[in-house]
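Student: Sequence:
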Amino acid sequence: MAFSMPLLQEFQFKRVLDENPNFHFLFVLGTLPAPMSETSTGAACSPSDRRLPAILRFERMAFPLSLPERLSSGVLTSVKHVGNSDIYTWMHGWLERKEDLPDVKIDIIFPATEVHIRKYSKQDVLMVHETPELYKKIVKPYIDAFPASRTQWVQDVLSGVSEADRVLARTASFVILPDMKWDPNTNPISSLYLLALVFDPSIRSLRDLRGGEGGHVKMLLELRDAAHGVVRREWGLREGSVRLYVHYQPSYYHFHVHIVHASQSGMMGMTVGQAHLLDDIISMLNVSPTIFSELTFTYGLGSQHGLHEAMVAAQGKDENGNVGQISDGSCV
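Counting with my numbering, you get residues 1 to 332 for the letters of the sequence shown.
Since the hints were derived computationally from the structure, they do not count as laboratory data. Incorrect hints may appear among the rest.
[What the hints assert, rightly or not] Taking CB as the label site, the calculated pair distances span: (1) R170 with F146: 21 to 29 Å; (2) S73 with V115: 20 to 28 Å; (3) P147 with S78: 29 to 37 Å; (4) S303 with M267: 21 to 29 Å; (5) M91 with E239: 53 to 61 Å.
Note that this is a predicted model, so its numbers are computed, not measured. All C-beta atoms, glycine included, are put in the ideal place defined by N, C-alpha and C.
Work out the full structure, taking the sequences as your base and the hints as a guide.
Tutor: In structure tokens:
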């Protein structure tokens, strides 16, 4: 549904889910009025006392490159002296309001489910080891239990129902478009963040990739080349200017590849154990077509993740010292 200022002003705050001063974002939980619905008699209704959970994500926008050039033209509406020492001075400043230069980006999830609330809540992380056996016993059933509605937005993008005007490349195997976290009109190229979504619904995660005849290497190579072609055509970036990687565990189980500017560092989602470079994935599939069904993966799981309880309970060592085996006390 489309949102406007009046509707956002109906937001009733409940609590802060997460905040990060380094990455300048804030997740808050609250409620919004339930959307208009059709009753059994066909009359539109929206009970004033019926509200549904909503998650708002606020992120400070990057500074425009034109900011230094506009210092003499009144871009700063006011400044406040904070302190100074020798040649150093500290000040607070307030920028003028510009319609084409928003201060914050607002993402809205509405109505938000309990899964969304858990996902975006601050949580402790534990490293776990996922053997092929644990994948079959715990992870795959977890993935298979997700309803198709959880990735309906992906299908809408692939079919052209939504975001068709944002697609930068489309083939029979995948589409490439800007990630929702990156606006090419207001963010600098140095923060470039694209997303490639594949059409094949059978690839839910890294575990499903196969090499060899009839495998996925050809598609992955085409995707990599298309990504380089897009950034060269749109922004004049040479090959090697972007980093392509895949998450495990991913945030949703429809195979996708993240494409970010190579100069980005320390970005959330590039954590060791979670991000796997596409070039490395291709190389490993060429070494062994079934390698991703045979590996033990080590990664961090947040305490609110749906796999956390079962995977932590299953951690242990066998008589050979191998980690990630089902422990005697596991209820799995």
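Student: Which of the numbered hints above does this structure break?
Tutor: Hint check: 2, 3 and 5 fail, others pass.
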